[in-house]
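Peer 1: Residue-level listing of the chains:
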Amino acid sequence: MTLPISTREQTYLEVLQYYARQMQRLDDGDLAGYAATFTEDGEFSHTPGRPPARTRTGILEDLVEFHRRFEADPMRRRHHFSMVDIDDGDDGSLTATAYALVVALRPGTAPEVRASCVVHDVLVRDADGGLRNRSRVVQYD
Amino acid sequence: MTLPISTREQTYLEVLQYYARQMQRLDDGDLAGYAATFTEDGEFSHTPGRPPARTRTGILEDLVEFHRRFEADPMRRRHHFSMVDIDDGDDGSLTATAYALVVALRPGTAPEVRASCVVHDVLVRDADGGLRNRSRVVQYD
Amino acid sequence: MTLPISTREQTYLEVLQYYARQMQRLDDGDLAGYAATFTEDGEFSHTPGRPPARTRTGILEDLVEFHRRFEADPMRRRHHFSMVDIDDGDDGSLTATAYALVVALRPGTAPEVRASCVVHDVLVRDADGGLRNRSRVVQYD
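Protein chains in written order, with the numbering used here: chain A, 1 to 141; chain G, 1 to 141; chain Z, 1 to 141.
FYI, nobody ran anything at the bench for these hints, they're computed from the structure.
Take the hints with a grain of salt, since some may be wrong.
[What the hints assert, rightly or not] Far from chain G, some chain Z residues (derived; all Cβ distances over 10 Å):
1. Glu65
2. Glu112
3. Ala115
4. Asp141
[What the hints assert, rightly or not] Coverage of chain Z stretches by chain A, computed from C-beta distances (three or more under 8 Å per stretch; other residues unrestricted):
5. 8-14
6. 82-93
Bear in mind the structure is a predicted one, so any value in this text is a computation, not a measurement.
Glycine included, C-beta positions come from ideal geometry on N, C-alpha and C.
Okay, chain A solo, but in the shape it has when bound (with noise of 0.2 Å):
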């Protein structure tokens, strides 16, 4: 037996691989790539304490600087995201939720468990119909 997917399903698939296409941009040290995930005036709040970036631009800028910490670090870091759940937000956009696990690499140590988060995301469609984020809140235990 056969069905047509649901358009909520569709999306849930398109999310997963939305997130593993954005997420290894910024595991490779592409900032701009990342940045590009957002909306033009998109907001993003990954670390406790820190004011939320705003803008396209505004991102970029917070994560060049955010990431001159690691400048003298050989450190790699994996984001692994999973228990991936979409829900409908307001105004036609979609919010989902993941939980991420960041692995950090050294060479010549042990990948260690840095942190485990849960990623708040509201995502919208662009004109060309793919999915971007209008915001992210990263969520530390």
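Dock chains G and Z against the given chain A, drawing on the hints supplied.
Peer 2: Here is chains G and Z on its own, set in the frame of chain A:
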């Protein structure tokens, strides 16, 4: 080219989202909400050497008692499921298998991977068409 | 509103389940079952500095030899894949990328995250329509 989705594929997507919601309830301390994901006659084996909890009420009582040990502990747990596989079970039920990484978090300390388990579920449809656990066996390696 | 699923989306779902089954075989010590997920002329690079294993038979021989070092060790490994992304490859093949967290488990000790890798696969269809690895390169950060 487009194809209709099979019921199997649709169910797979449902299971992914079901797990995300189910485990967020548990991780957020909503024990009643977690117990409600089981059928009335559900069965839950979560700890080696501890007899399985039976019936939704019994599962809730067992969880409340089990979590008492964490009461004075500001620990939070996050269950990261991955590698979900599904298959047909008996009587129209569904068997589902997933890996689970259990991460424990305490304020001011690094996250700790407490357990890596394999979760064996039998899932059925409730009257509303939603998924519920008829049983869950957590296997520790 | 319902839509037909695209072949891309259907394939994405297949890949998720394929990975779950493939890696459970490896983690359960079914080396022949794991090798059988490769094409006859498949290629597998799993360890930096070790030449890739070639052909299904060669992959199995390589795995048997590689796992000999674990024989006296009651260690069990679990490969948690996440962040799966797929794209079109050459000749009708499919490229797939995933993050893998390798967790090592020994009786009586806490789980240990041994590695966080990026897995680069080329997947093709076998005569039955199922997926197989034409190649897999495991990249350690």
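Peer 1: Against this structure, judge whether each hint is valid.
Peer 2: Going through the hints against the structure:
no., hint, verdict
1, Glu65, "24 Å, holds"
2, Glu112, "8 Å, violated"
3, Ala115, "13 Å, holds"
4, Asp141, "18 Å, holds"
5, 8-14, "holds (count 3)"
6, 82-93, "holds (count 5)"
The structure does not agree with numbered hint 2 stated previously, though it agrees with all others.
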